[in-house]
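J.: Sequence:
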Amino acid sequence: MVLLGLPLLKLSAMKDLDLEYRNEIQTILNDIVTSDEHAAYLETEEDEQFQVLRAAFEPRIEALHRKVSTESPMQIIQLEKALLNEDLEGLYLSKMLGYSVLRGELDDRIKYLRPQDHFKDILLAICNSANFELIKARIGQIVQTGFALSSDIWITNLINANTNKKVKYFLQSMKKPELRVESKRKSALAKFKRQFKDNVFYYAEIPQKREELSKLYPEFRNFIEIRVKLNKVDENLKSQIITFLSNKEFHGTMEHTTILGLASAFLDLNADDKKQLTEIYNSLRNSDSEFSDKHLDFILTMRNRDVDLDNKADNSISSMIDKSINDDVSDYYKLMDIVHGKGYVHRDAVDAVRAFYNSHEGLSKINTCVRSVIYAYFKRAIINLEETEYPIFMELLGATPASAQNEVVTEEEASEETADETVKRNLAIPVYMEIFSNQQFNQNIKDLSMIYVRKLLRFHTDKRGKDYQDIKKFVSATFIDLGFLNSKQAVELFKTKRKKKAVAK
1 MVLLGLPLLK
11 LSAMKDLDLE
21 YRNEIQTILN
31 DIVTSDEHAA
41 YLETEEDEQF
51 QVLRAAFEPR
61 IEALHRKVST
71 ESPMQIIQLE
81 KALLNEDLEG
91 LYLSKMLGYS
101 VLRGELDDRI
111 KYLRPQDHFK
121 DILLAICNSA
131 NFELIKARIG
141 QIVQTGFALS
151 SDIWITNLIN
161 ANTNKKVKYF
171 LQSMKKPELR
181 VESKRKSALA
191 KFKRQFKDNV
201 FYYAEIPQKR
211 EELSKLYPEF
221 RNFIEIRVKL
231 NKVDENLKSQ
241 IITFLSNKEF
251 HGTMEHTTIL
261 GLASAFLDLN
271 ADDKKQLTEI
281 YNSLRNSDSE
291 FSDKHLDFIL
301 TMRNRDVDLD
311 NKADNSISSM
321 IDKSINDDVS
331 DYYKLMDIVH
341 GKGYVHRDAV
351 DAVRAFYNSH
361 EGLSKINTCV
371 RSVIYAYFKR
381 AIINLEETEY
391 PIFMELLGAT
401 PASAQNEVVT
411 EEEASEETAD
421 ETVKRNLAIP
431 VYMEIFSNQQ
441 FNQNIKDLSM
451 IYVRKLLRFH
461 TDKRGKDYQD
471 IKKFVSATFI
481 DLGFLNSKQA
491 VELFKTKRKK
501 KAVAK
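Going by our numbering, the letters in the sequence shown line up with residues 1 to 505, in that order.
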């Protein structure tokens, strides 16, 4: 119920919000305007009292924002529009501004693919707020980042939309020349993102028609990826994604193939959902001669976007792949069933990869996918190793391609091995380096290995200690054998750096 004489939020701002959320916003507004904190602020209009008001009510607004983001993510923009109401005194706008900056899809130059109108709307609401002077101290980095990602024309138009000279000066000062450099822009964005890593705020519109696909797809895909990583895909969102996938108007497009792959890999699907997606896969594989290529492109794109298609994700997709259909998709997932089922270091898996890899061209798309799977396994293993676990790292790199290939273990010997011994005997990066004979794969393994070795050297600093000496002997021998370092580089790696002598005054 709205109290008599208190301000009402405009219905147009909330028309797409559930009644529950509308009522909660109205309750917060009523509580603000009748609070002692609000009365004290209106009396003094000092920053100290404004901070007291923020502390009293922003947590409630944030809780509502988090609730809508989690339960009804497609309503989040309408919620934020409703929160632009001036009677809310600009509370929570700085946080919303940060969210709006991070939602935009970026191109290869770290620039927005499309103008971010919601970012503009929130920023203009702040600029027009009676509390602008109090809010602007909290939004400097946000505006600088948003401007760095936007075009000069867009920024100029936004600045010119303001008539207040102080506001215009503030906005103009937010254009940082150093952020015109792509590397600086990328670094600034990464630093900015870390402030919001625990927040749920992404939003996307789901395409309904073919002509909407190219425009809405990037943010739609990004939205699903984020939701999957945060484990925030509820039944309502899952239902909308499956409805999108069932729309034959989108079938055959790369966009549809990617969303299908993401849904199959990461959504918690019941039996009916799986049956529906299996039928979609079968239909596409039988009707689209290029579907296999598109699906392999999906796999490689996800690797490049650092979306972890691990064994669980691959097994989930594989369960919806009819292996009786003769195509690259069947061949790939038959191999993955062995690699993930036996373990990538098991002899059967290594032999299966070798046979598969040799039956395809080395630089083929399907072989590139196989290399990416094996590399991802090594990456997970190495980046999760602690500094005291370096013997495991040595085992990973311990055999040369020749010795691994020539090693013979009888069936009787193999039957007597424990599972752990079998794993240890086969933990050999050089085996896969020999199978793939691929320069980029070798370089990636080298880079990964060097990162871990430097991590070890920062931890094991006693050069006379056993740990340091073991690491030094191993790296000096093995890294040279594998071509990761030459003799001079190995010596330099362990060479004691002389401290510069202080210059006498």
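Don't read these hints as lab results, they were simulated from the structure.
Keep in mind that a hint or two might mislead.
[Said to hold, decoys possible] Keeping only pairs whose Cα atoms sit at most 30 angstroms apart, straight-line, the calculated DSSO-like set for lysine-lysine is:
hint	residue 1	residue 2
1	Lys165	Lys120
2	Lys215	Lys197
3	Lys275	Lys379
4	Lys229	Lys312
5	Lys323	Lys365
Just so it is clear, the structure is predicted and the values come from calculations on it, not from any experiment.
J.: Next, verify each hint and record whether it holds.
T.: We went through each hint and held it up to the structure:
1. This hinted pair checks out: Lys165 and Lys120 have alpha carbons roughly 18 angstroms apart, not beyond 30 angstroms.
2. For a cut-off of 30 angstroms, the pair hint linking Lys215 to Lys197 stands: about 26 angstroms separates their Cα positions.
3. This hinted pair does not check out: Lys275 and Lys379 have alpha carbons roughly 33 angstroms apart, beyond 30 angstroms.
4. Proximity of Lys229 to Lys312 is assessed by CA-CA distance (about 14 angstroms); at most 30 angstroms being required, the pair is judged to hold.
5. Restraint check for Lys323 and Lys365: satisfied, since their Cα atoms lie roughly 19 angstroms apart, inside the 30 angstroms limit.
When held up to the earlier numbered hints, the structure conflicts with hint 3 and nothing else.
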